[in-house]
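Engineer: Here is what each chain is made of, one letter per residue.
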Amino acid sequence: MIRFAGVFKAYPRGSLALKDVSFHIAKGEFAFLTGHSGAGKSTVLRLIHAEEFPTSGEVRVSGFLTADLTSREIPRLRRRLGIVFQDFRLLEDRTAEENVAFALEVTGARRATIAPKVMRVLAQVGLAAKAAAYPKELSGGEQQRVAIARALVNDPLVLLADEPTGNLDERATRGVFQLLRDINAAGTAVLMATHDLDLVRQAPYRVIELQQGALVYDSGADGGPETDAGAGAAS
Amino acid sequence: MNLALREALLAFRRMPLLSVLSVTTIAFALFVVGLFGLVAINLRGALAALEERVEIIVYLRRGTPVETATLAITDIETFHEVATATYVSEDEALSRARRELAEFQGVFADLRANPLPASIEVRLKPGFRSAEHVNAVAERLRGFRFAEDIRYGREWIEKLDRLRDVAALVGLTVGAAFAIASVIIIGTTIRMGVLHRGREIAIMRLVGATDGFVRRPFLLEGALKGALGGAAAVGLNHAAFFTVDRLLFDAAFFDPAWVAFIVLFGTALGLLASAASVRRHLGSPTS
Ligand SMILES: Nc1ncnc2c1ncn2[C@@H]1O[C@H](COP(=O)(O)OP(=O)(O)OP(=O)(O)O)[C@@H](O)[C@H]1O
Ligand SMILES: [Mg+2]
Numbered sequence: 001m002i003r004f005a006g007v008f009k010a011y012p013r014g015s016l017a018l019k020d021v022s023f024h025i026a027k028g029e030f031a032f033l034t035g036h037s038g039a040g041k042s043t044v045l046r047l048i049h050a051e052e053f054p055t056s057g058e059v060r061v062s063g064f065l066t067a068d069l070t071s072r073e074i075p076r077l078r079r080r081l082g083i084v085f086q087d088f089r090l091l092e093d094r095t096a097e098e099n100v101a102f103a104l105e106v107t108g109a110r111r112a113t114i115a116p117k118v119m120r121v122l123a124q125v126g127l128a129a130k131a132a133a134y135p136k137e138l139s140g141g142e143q144q145r146v147a148i149a150r151a152l153v154n155d156p157l158v159l160l161a162d163e164p165t166g167n168l169d170e171r172a173t174r175g176v177f178q179l180l181r182d183i184n185a186a187g188t189a190v191l192m193a194t195h196d197l198d199l200v201r202q203a204p205y206r207v208i209e210l211q212q213g214a215l216v217y218d219s220g221a222d223g224g225p226e227t228d229a230g231a232g233a234a235s
Numbered sequence: 001m002n003l004a005l006r007e008a009l010l011a012f013r014r015m016p017l018l019s020v021l022s023v024t025t026i027a028f029a030l031f032v033v034g035l036f037g038l039v040a041i042n043l044r045g046a047l048a049a050l051e052e053r054v055e056i057i058v059y060l061r062r063g064t065p066v067e068t069a070t071l072a073i074t075d076i077e078t079f080h081e082v083a084t085a086t087y088v089s090e091d092e093a094l095s096r097a098r099r100e101l102a103e104f105q106g107v108f109a110d111l112r113a114n115p116l117p118a119s120i121e122v123r124l125k126p127g128f129r130s131a132e133h134v135n136a137v138a139e140r141l142r143g144f145r146f147a148e149d150i151r152y153g154r155e156w157i158e159k160l161d162r163l164r165d166v167a168a169l170v171g172l173t174v175g176a177a178f179a180i181a182s183v184i185i186i187g188t189t190i191r192m193g194v195l196h197r198g199r200e201i202a203i204m205r206l207v208g209a210t211d212g213f214v215r216r217p218f219l220l221e222g223a224l225k226g227a228l229g230g231a232a233a234v235g236l237n238h239a240a241f242f243t244v245d246r247l248l249f250d251a252a253f254f255d256p257a258w259v260a261f262i263v264l265f266g267t268a269l270g271l272l273a274s275a276a277s278v279r280r281h282l283g284s285p286t287s
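If you read the sequences in order, they're chains G and F. Quick note on the working numbering: the first sequence kicks off at 1 and runs consecutively. Quick note on the working numbering: the second sequence kicks off at 1 and runs consecutively.
There could be a bad hint or two in this list.
With the C-beta cut set under 7 Å, the calculated list includes, among others, these residues of chain G facing chain F [claimed, not checked]: (1) 78; (2) 79; (3) 91; (4) 94; (5) 105; (6) 106; (7) 109; (8) 112; (9) 207.
It is worth saying that the hints were derived from the structure and are not from the lab. Being a predicted model, the structure only gives us computed values, none of them experimental. Where is the CB? At the ideal position from N, CA and C, for every residue including glycine.
Build the full structure now, drawing on both the sequences and the hints.
Structural biologist: Structure, rendered in structure tokens:
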């Protein structure tokens, strides 16, 4: 479903952020992306949601080469991806509920269909009771749950999480991680960048490790089945 | 749609001062243009009354037979600008002069021969009474061999025409200056909005908003400000009209179509300003 093939990435005014990275993540899989700061984890995620494009090599999401997507197709791709960041990226002047609804409004969803979906995902992340709270009235862990709810509300193919527990204390970290595991158990693939090795050790999931832009370890390095290219559409 | 409208309205609350300034400049731009428009409209009323009386008089050479004149009249009446053409004989001219110039009764009585020439009086149809048409018709009348002299109120028609042109020109120039200022101010407001909402825009894109969707609230904001400015301009113009109408003379105001046009023009101006600004500052989808 996500396939990197010989990907190099050089930022305009930087050195190589990724060097010859290849891997494949299947539908429903859970994978950690680890590595030291600056190893290129965020870059991998940015290449997947087409915020950046490979300097050379191929990035395919759901069969589509990101480099070939038109500016109209990129939003469509993003609607099929759930994205979560360390800093939550919630809108401060909107309630939890409105933040989640925002992801649906942006797609032009019908008003009537929005509210039930929003309540369903808020319940799924355990925040139904705080739907009317503003971000500043929520703890870090709760804010991240809102962000996860927003990422889930469009039924994504994969949840991309960039250090989702980076700003959280241990308890909140465990809670959010458990939530991600539950989401994966329900069928959504999860790709989680983290340098929290305790977390990585806790779970029996695949680990992809980057070092200075190079892929140095992949516990599931069988290259993956070659069957998904072109299967399923981005929209 | 709803989201875009809500965002556009929020923008007013976020930057009230700049928003008010945008609306005010558009309002002033259109107010000034409108003011000159009103002058033009009312001047046109006055002109129409004067132009009612526009006539061209062709003085005939002495000895021109009546038949020739009558034939010419049927010819002249086929000109598409011409409403009527009437023959005034030498005798008629004299008796008219006697009637109208009663003080000179004695002078006329002493005349041995009638000094007044016969003439053809040509009146033009409404819509063909401007200097341009009068000149054109006069030029054609000059072509008749029996025409000795042609008289018409050319000077003052041209002056009034010019006055109207100047009013329109001044209005458009001042209005254009204000319009440019308002485009710049609206553009700046939108730009500040875009910068202010950079985080929000990034999040919108993250969750899959299209470029059009990101731009829509800004375009709507500009259009809304333009429409408000246009409406305010109509209000100001009406106040001006009302004052003049009350204190000075019976004046005319824009008809509903023109009012709608002014508001629409303001809307277009606001839309244009925001579109230009958004294009510059929201650039590519991944920036
Ligand atoms: N926009 C950019 N312009 C230039 N260089 C960049 C840019 N973004 C990242 N880099 C560089 O690319 C390399 C990889 O960065 P990246 O953010 O992918 O690392 P990371 O593994 O996510 O690190 P961290 O754990 O600190 O988040 C770094 O050397 C970084 O300096
Ligand atoms: Mg990072």
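Engineer: Compare the structure with each hint and give your call.
Structural biologist: Hint-by-hint comparison with the structure:
Satisfaction of the interface hint for residue 78 of chain G is found here, the shortest Cβ-Cβ separation to chain F being roughly 4 Å, below the 7 Å cut-off. Restraint check, residue 79 of chain G versus chain F: the minimum CB separation of about 4 Å is within 7 Å; hint holds. Annotation: residue 91 of chain G was flagged as interfacial toward chain F, and the flag holds, the nearest CB pair being 6 Å apart, inside 7 Å. Interface hint status for residue 94 of chain G: violated, as the beta-carbon distance to the closest one in chain F is roughly 9 Å, over 7 Å.
For the restraint placing residue 105 of chain G at the interface with chain F, the shortest Cβ-Cβ distance is roughly 4 Å, inside the 7 Å limit, so the hint holds. For residue 106 of chain G, the interface hint holds, since its Cβ comes within 7 Å of a Cβ in chain F; the closest pair sits about 4 Å apart. The interface hint given for residue 109 of chain G is broken, as the beta carbon of that residue sits about 10 Å from the closest beta carbon of chain F, more than 7 Å. The beta carbon of residue 112 of chain G is not positioned within 7 Å of any beta carbon in chain F (closest approach about 12 Å), and the interface hint is therefore violated.
Below 7 Å, beta-carbon pairs count as interface contacts, and residue 207 of chain G has none with chain F, the closest being about 26 Å; its hint is therefore violated.
Hints 4, 7, 8 and 9 from the earlier list are contradicted by this structure; the remaining hints agree with it.
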